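Construct all of the structure, not just a fragment, from the sequences and the given hints.
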Amino acid sequence: MKNRKWLDFVAILLVSLLVVSASAAIYYAMLAQSTATLKPAAVYFTPGLDSTGILTLGANNTYVSLNLDAYPNVTLYYDQAVNLTATAAKQVRLRHVSISPIDGNPDVSNFTSIVFRLLAADGTEMGALSYTTTGDNWNEPTQTNYFAMGAGAEWTIKVEIKATAGGNANIAATIVIGVDVT
Amino acid sequence: MIRRAIWSALTIFVLLVHVLQSATGTTYYSAIKQNYAVLGSPPVILQSGTAGSSTIYTNSTGAGVSTVAPSSACAYNHVLRITENHGTNWMVRLRAYDQSNVGRLNNCSIYIYDGSNSTQVVILNGAYNQQTGPWYDLTASDVEYIWICVEASSAGTSFVYVYLEILVPNITTYAQYTLTFVIT
Numbered sequence: 001m002k003n004r005k006w007l008d009f010v011a012i013l014l015v016s017l018l019v020v021s022a023s024a025a026i027y028y029a030m031l032a033q034s035t036a037t038l039k040p041a042a043v044y045f046t047p048g049l050d051s052t053g054i055l056t057l058g059a060n061n062t063y064v065s066l067n068l069d070a071y072p073n074v075t076l077y078y079d080q081a082v083n084l085t086a087t088a089a090k091q092v093r094l095r096h097v098s099i100s101p102i103d104g105n106p107d108v109s110n111f112t113s114i115v116f117r118l119l120a121a122d123g124t125e126m127g128a129l130s131y132t133t134t135g136d137n138w139n140e141p142t143q144t145n146y147f148a149m150g151a152g153a154e155w156t157i158k159v160e161i162k163a164t165a166g167g168n169a170n171i172a173a174t175i176v177i178g179v180d181v182t
Numbered sequence: 001m002i003r004r005a006i007w008s009a010l011t012i013f014v015l016l017v018h019v020l021q022s023a024t025g026t027t028y029y030s031a032i033k034q035n036y037a038v039l040g041s042p043p044v045i046l047q048s049g050t051a052g053s054s055t056i057y058t059n060s061t062g063a064g065v066s067t068v069a070p071s072s073a074c075a076y077n078h079v080l081r082i083t084e085n086h087g088t089n090w091m092v093r094l095r096a097y098d099q100s101n102v103g104r105l106n107n108c109s110i111y112i113y114d115g116s117n118s119t120q121v122v123i124l125n126g127a128y129n130q131q132t133g134p135w136y137d138l139t140a141s142d143v144e145y146i147w148i149c150v151e152a153s154s155a156g157t158s159f160v161y162v163y164l165e166i167l168v169p170n171i172t173t174y175a176q177y178t179l180t181f182v183i184t
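As given, the protein sequences belong to chains H and Z, one line each in that order.
Heads up: the first sequence runs through residues 1 to 182, numbered per this note's numbering.
Heads up: the second sequence runs through residues 1 to 184, numbered per this note's numbering.
Keep in mind the hints are simulated off the structure, nothing from the lab.
Misleading hints may appear alongside valid ones.
What the hints assert, rightly or not - Simulated pairs of lysine to any residue, SDA-like, Cα-Cα distance not exceeding 25 Å:
(1) H/LYS39 / Z/THR27
(2) H/LYS39 / Z/GLN34
(3) H/LYS39 / Z/ILE32
(4) H/LYS39 / Z/THR184
(5) H/LYS39 / Z/SER30
(6) H/LYS39 / Z/TYR29
Unchecked claim - A short list of chain H residues far from chain Z (calculated; beta carbon distances all over 10 Å):
(7) LEU7
(8) ALA41
(9) ASP122
(10) GLU140
(11) GLY150
(12) ALA151
Quantities reported herein were computed from a predicted structural model and do not represent experimental measurements.
Each residue gets a CB set at the ideal place from its N, CA and C atoms; glycine is no exception.
Pasting the structure below:
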């Protein structure tokens, strides 16, 4: 009798497991098929009036490198260091990515300020990233707001650099900023 | 029981909002701009002139000039020397950007001179007659002079703050030096 009960229990357990296994296997799948098509960027870099000799454009104009000068106790202006051209209506902003030398390096104190201004076609300043120094440390900006840029618009990035009166020759700073487009 | 149901509903709501928020994330891309700024020797060097009293700041990129104004017969003084330092061509001009106590100045005219005068900044009877000068060629290794003619109606001290602007020809890149004229 005792064995019978035990056998009944095992049987019920096996059936339960079968039911569980069977019901666990019921599912369905939804498919998302993605096609990635390479398209030119809707907002890209183009040379400005002051780009000659300072600008290196990357492939597809989505990367740019600028070699800028700075002079001690002088503010140097590049009114049109590089331009932004939009082929479709987009929102753009400037965003700090990185800067070197890093905080604590005495070379930092050779600079007073480096400012990147985003100017619309009519010269209106939309936003700016302003890097200043306090001793051997940078005061870094974060990002500007997003600004609507119409299709066909050409904006510019103006750069202003000021070094300290006693700035030493050949000290360099590298600043990477992102131009976010959405 | 009701309280538990409310908490459960709230939890589900928060989770739902989070999921929806994730689903509406914006699509964007970043174009990267890398900038190298290198400190170099200044394009133009300032030196003292033969009149007045000049203080040339470190690296010769700024100056303070003191000069005395007679009450009549404008005195012309060669107060600063500008020397091109890069072996290239530039354009230069003066632009007054601030001042104090200039009401006493019958005349304060500032020129760039290299055989012929280029009138850059003019204050007549205490008011600006010309605040920004025309661009003037500064060729490679060239030397130019800044002259000032001052005449005051009364005793006192006046300050005229001026930028010496140095432009790369044909583009819009320019440097700004600061000059301070102190007129007693």
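Hint check:
1. Taken as a hint, the H/LYS39 and Z/THR27 pair is honoured in the structure, with Cα atoms around 14 Å apart against an allowance of 25 Å.
2. Only pairs whose Cα atoms come within 25 Å are accepted, and H/LYS39 paired with Z/GLN34 is accepted, the gap being roughly 23 Å.
3. Proposed proximity of H/LYS39 and Z/ILE32 is supported: the alpha carbons are some 17 Å apart, at most 25 Å.
4. Annotation: proposed proximity of H/LYS39 to Z/THR184 is violated, straight-line Cα distance about 67 Å (limit 25 Å).
5. Between the alpha carbons of H/LYS39 and Z/SER30 the distance comes to roughly 15 Å, so the proposed pair stays at or under 25 Å and holds.
6. At roughly 12 Å between alpha-carbon atoms, H/LYS39 and Z/TYR29 fall within 25 Å of each other, so this suggested pair holds.
7. With a least CB separation of 43 Å from chain Z, H/LEU7 remains clear of the 10 Å interface cut-off, as annotated.
8. Not every Cβ of chain Z is farther than 10 Å from the Cβ of H/ALA41; the closest lies at roughly 7 Å, contradicting the non-interface assignment.
9. At the 10 Å boundary, the C-beta of H/ASP122 stays outside the reach of chain Z, the nearest C-beta of that chain being 16 Å off.
10. Non-interface call for H/GLU140 relative to chain Z: holds, since the shortest CB-CB distance, roughly 14 Å, exceeds 10 Å.
11. Look at H/GLY150: its CB is around 18 Å from the nearest CB on chain Z, clear of 10 Å, so calling it non-interface holds up.
12. At the 10 Å boundary, the C-beta of H/ALA151 stays outside the reach of chain Z, the nearest C-beta of that chain being 17 Å off.
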